Amino acid sequence: MEQTFIRILLSTGVDNYVATHDWVWPVCEIIHFFGMFMLIGSVGLVDLRILGVAKGIPIKSLERYVPLGVIGLALNLTTGLIFVGGNPVGGPQEYLHNLAFQIKMALILIAGLNVIAFYVFGIARAADATPAEGDAPMSAKFVAGLSLLLWFSVILFGRYIMYNDTLLNVLGL
Amino acid sequence: MIEAIQNSAYATWVRESPSFWAYTWILSLHAMGLAIVVGINSIVALRLLGFTPEIKINSLRKLLPWMYLGFTINAFSGLSLLAANAQNDLHNWMFFVKLSMIALAMVNLEFTKANVFNDPAVINNTGVPASAKKFALLSLLFWSLAICAGRLTEYPAFVQAWFGF
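If you read the sequences in order, they're chains A and B.
Residues 27 to 199 in our numbering are what the first sequence spells out, letter by letter.
Residues 7 to 171 in our numbering are what the second sequence spells out, letter by letter.
Please note that the accuracy of each hint is not assured.
[Stated by the list, open to error] Straight-line C-alpha distance at most 25 Å; calculated DSS-like pairs for lysine-lysine: (1) B:Lys140 <-> B:Lys68; (2) B:Lys119 <-> A:Lys167; (3) B:Lys139 <-> A:Lys86; (4) B:Lys62 <-> B:Lys140; (5) A:Lys167 <-> B:Lys139; (6) B:Lys119 <-> B:Lys140; (7) A:Lys81 <-> B:Lys119.
[Claimed, not checked] Far from chain A, by Cβ distances over 12 Å, these chain B residues were calculated: (8) Ala17; (9) Lys119; (10) Pro126; (11) Gly133.
Calculated directly from the structure, the hints in this document are not laboratory data.
Fair warning: this is a prediction, and the values are worked out from it, not measured in the lab.
Glycine included, C-beta positions come from ideal geometry on N, C-alpha and C.
Isolated chain A, as found in the complex (with noise of 0.2 Å):
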């Protein structure tokens, strides 16, 4: 499956495009940046305002922001493919077998899971009828606390991506 996903992936030929691109690196980092603030400028406000914060913004309208973070999110796919694909020392495989990004790639794999957990058992519908300045109810809050621990460490183990070895070595590895 390893194989096949890397076949798919450098068919489209990122790597020699990165690696005849100087800017293609810089200008996805940045972007992989814009893609993080929305996704949590968007996901992240719903989640505390559920948690109680800023009572008085009904949770109803600030949910109105989601896309602009699935916007944020398939920007990061995207520009994470790139990254994958496009890896100048030890190309894709270097990602793959990289601790710190398999954590990372699992915790969002968990975290969507969290998102339709939210929608098909109801619970966004009785986070929405919150009045605004009401208390969510306590699946909801329990939804929301996991969301914003899983979306910071995301980012946590994004960054660790590149200090993989300090990773192995607090964890004995």
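The hints should help you fit chain B onto chain A, whose structure is shown.
Below, chain B alone, put in the same frame as chain A:
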């Protein structure tokens, strides 16, 4: 003096300690603080620009302390990273562009508070000053440029090749 700061026990610990809580953790805090400040600023700015009019602007005031929290996290993490890398950062002009943009963004925030959030019409939910949109656009501009310059601080060779210095 710069050398003394970089060689101090704290700066050396930040830079070289194998501890989980040293360099990478502080670098992560810096990204988290950025996401908090700029993320919240974006939503506040979009509201001031006219999106989601059902949200009372006065209710956004409660988000300001969270922006200051993000800013404070980044002031401290930033100073730690600067101490660890003082000689490189202080010879990197893009680093000063970044600092200037952050200063402009924070001054703009104070103007936004004085002219928008402290406006009696905003407090009483009866109107919004026309200047609100201008402050919102400036905040988006300054923070965006701060991120661009901050990221480019890490690529001095690329900056040299494209900007000529």
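The hints, checked one at a time:
no., hint, verdict
1, B:Lys140 <-> B:Lys68, "21 Å, holds"
2, B:Lys119 <-> A:Lys167, "30 Å, violated"
3, B:Lys139 <-> A:Lys86, "23 Å, holds"
4, B:Lys62 <-> B:Lys140, "18 Å, holds"
5, A:Lys167 <-> B:Lys139, "33 Å, violated"
6, B:Lys119 <-> B:Lys140, "13 Å, holds"
7, A:Lys81 <-> B:Lys119, "19 Å, holds"
8, Ala17, "17 Å, holds"
9, Lys119, "16 Å, holds"
10, Pro126, "18 Å, holds"
11, Gly133, "18 Å, holds"
Checked against the numbered hints listed earlier, the structure breaks hints 2 and 5; every other hint is satisfied.
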